[in-house]
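Chemist: The lines below spell out each chain.
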Amino acid sequence: MSRGEKIFHIINYFILALIAAIALYPFIYVLSASLSSPDAILTGKVVLLPKNIRFDSYGVIFKDKSIWIAYGNTIFYTVVGTALCLFLTVCGAYALSKPRLRGRKIVTFFITITLWFDAGIIPFYLNLRDLGLLKHSRAAIIIAFACNAFNVILLRTFFETVPSELEEAARMDGANDLKTLTKVYLPLSKASLATVGLFYAIEKWNGYFWAMIIIRDENKIPLQVLLKKLIVENSMASDYAAALNFNASTSTETLTYATIIVSIIPILLVYPYIQKFFVKGVMIGAVKG
Amino acid sequence: MKQKTQRNKRSWLSQLVKDVKRDKFLYLLLLPFVIWFIFFKYRPMWGLQIAFKDFSLFKGIAASDWIGLEHFKEFLGSQYFGRVFRNTIMISLYSILICFPAPIILAILINEVKHLRFKKAVQTLTNLPHFISIVVVASILTTFLSPSSGMVNIFLDKLGFDKIYFLTKPEYFRGIFTGMNLWKDTGYSSIVYITAIAGIDQTMYEAAKIDGANKWQQITRITIPGILPTIIIMLIMKIGNIMTVGYEAIILLYQPATYETADVISTYVYRSGLLDGRYDYATAVGLFNGIIALILVVSANTLSKRMTETSLW
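Those protein sequence lines, which keep their order, are chains A and B. Whatever position you read off the first sequence (first residue = 1), add 9 for this note's numbering. Whatever position you read off the second sequence (first residue = 1), add 56 for this note's numbering.
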């Protein structure tokens, strides 16, 4: 390695380490601040590590029922929503992956159009209203977002790579159509199904806009909508006023930081394990381009 | 002759019936799927007609009276048109100038790393922000920038500067918004380019090294040309999306004080439609936006097809 190359590598490692640190730093600060005393935050003593460690903010949050209700709702919307999404996506992607299917091209065309042209939020909202779904907000959140053209195309592309000989062989062995799908195709596409499923799950876990528009009942709102109310709209002060009781070990700030941590912990915990699936998904999407 | 075409038609029809019977399972699968798309993607498109109507909730979409292009005229003549149009394009330009090149550079730098562990660690950490919900990101940002207790202002204060209430100052909005997107998506967007770089023939680098090419020359003469098709495709998509700046992130960060630089077409649609209840007018504004966006995507694609033979479809 030449000297110039060595210098290049040193600088490169330094820049990348810096970028990685910038990506991570907000999380570290939020975590440290949530564990520090309000006083230490306000005087700028918290930079990287917590000062005067205490767990009081978490104590206040864990006692608050609304967070747990919202958590439960988010889990419900994510699990049921993702299951329905996967069902519809498999149905469509599998059928559309068969070249022999008549009408395949026209259906694919109309599905693809929805990637590039969308009616927009108002017609979508009025459609939900006309279908009577606004009165059943839970069902609306699950049903109205039960499919996504991008993921259908992703999964269809994968199904197309499965050799058709496998289908013929299964049929020779006496498997019917349903068995061919569930016993041959689905086991073969576990990784792709996981990728698409995770795309859906993250979208559901993180989604807030339509839940905010559709859901009127406080007991049905997901975590993201609650967070928006507490932090972005800054209504936390009043909500927690009673809990705060002017004691010095928690403050609006530490509660805010602790709430953020509580809401992202599930994502942080599963992220290292699911990361590779997303990379895979992007790659399939890129190849298809 | 006539008999023959009739016979042909009949055999075509019987073949069709045969095919459909053979694939009845596939059609059964397709049924719920197609029904969903009709109800939740195409039915709203039917509702777009209220852009040309004096919509009344009482009469419903079909029975409301036609008024032609009134809503479009009102939007184009209003004081909001200039503001939201300019902001949409400005925010997109910021994004093209800053958020578009960043992942390409990151991918090139990551590709040069020899230690697999370090490479993986950098990728894992830089991809992470993409998976955090926009509400959480906006929450962190809002708290960090808070004038009384945010870390940014605490440090500004310590360094002897005045505290600034960033989110109420129109001149900072686009920068803050672009910075947030840069932080959130650079890592994730780089995956596409890292994949593309991995596809470059390694023998080209060997040959270049033998010819005495240094790192900079290898990057500019092999790596960048090698991923140019990917860069172009991504740029087309980006240009095609100039008119689509999402409302989800902006409505979390803007406030009346910053509308001047922050209010884009989609946020204006959201406010006038869902908050003020002017469904017909907001639909017209959204449709206007959607049509321009579609034209942009199609032209960017055509242009690229002609110039570089790479295209999306």
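The reader is advised that the hints may include incorrect statements.
[Unchecked claim] When the alpha-carbon atoms are kept at most 30 Å apart in a straight line, the in silico DSS-like pairs for lysine-lysine are as follows:
no.: 1; chain 1: B; residue 1: K115; chain 2: A; residue 2: K289
no.: 2; chain 1: A; residue 1: K74; chain 2: A; residue 2: K60
no.: 3; chain 1: B; residue 1: K176; chain 2: A; residue 2: K15
no.: 4; chain 1: B; residue 1: K225; chain 2: B; residue 2: K214
no.: 5; chain 1: B; residue 1: K170; chain 2: A; residue 2: K229
no.: 6; chain 1: B; residue 1: K176; chain 2: B; residue 2: K214
no.: 7; chain 1: A; residue 1: K289; chain 2: B; residue 2: K129
no.: 8; chain 1: B; residue 1: K129; chain 2: B; residue 2: K115
no.: 9; chain 1: A; residue 1: K188; chain 2: B; residue 2: K225
no.: 10; chain 1: A; residue 1: K144; chain 2: A; residue 2: K229
no.: 11; chain 1: A; residue 1: K238; chain 2: A; residue 2: K74
no.: 12; chain 1: A; residue 1: K114; chain 2: B; residue 2: K77
no.: 13; chain 1: A; residue 1: K289; chain 2: B; residue 2: K271
no.: 14; chain 1: A; residue 1: K15; chain 2: B; residue 2: K97
no.: 15; chain 1: A; residue 1: K107; chain 2: A; residue 2: K285
no.: 16; chain 1: A; residue 1: K199; chain 2: B; residue 2: K115
no.: 17; chain 1: A; residue 1: K107; chain 2: B; residue 2: K240
no.: 18; chain 1: A; residue 1: K60; chain 2: A; residue 2: K188
no.: 19; chain 1: A; residue 1: K192; chain 2: B; residue 2: K225
no.: 20; chain 1: A; residue 1: K107; chain 2: B; residue 2: K265
no.: 21; chain 1: B; residue 1: K129; chain 2: B; residue 2: K97
no.: 22; chain 1: A; residue 1: K60; chain 2: A; residue 2: K192
no.: 23; chain 1: A; residue 1: K229; chain 2: B; residue 2: K97
no.: 24; chain 1: B; residue 1: K129; chain 2: A; residue 2: K54
no.: 25; chain 1: A; residue 1: K107; chain 2: B; residue 2: K176
no.: 26; chain 1: B; residue 1: K129; chain 2: A; residue 2: K107
It should be emphasised that the hints constitute simulated quantities derived from the structure, not laboratory data.
Chemist: Checked against the structure, which of the hints given earlier come out wrong?
Modeler: Of the numbered hints given earlier, those the structure breaks are 1, 5, 6, 7, 9, 14, 16, 17, 18, 19, 20, 22, 24, 25, 26, listed in rising order.
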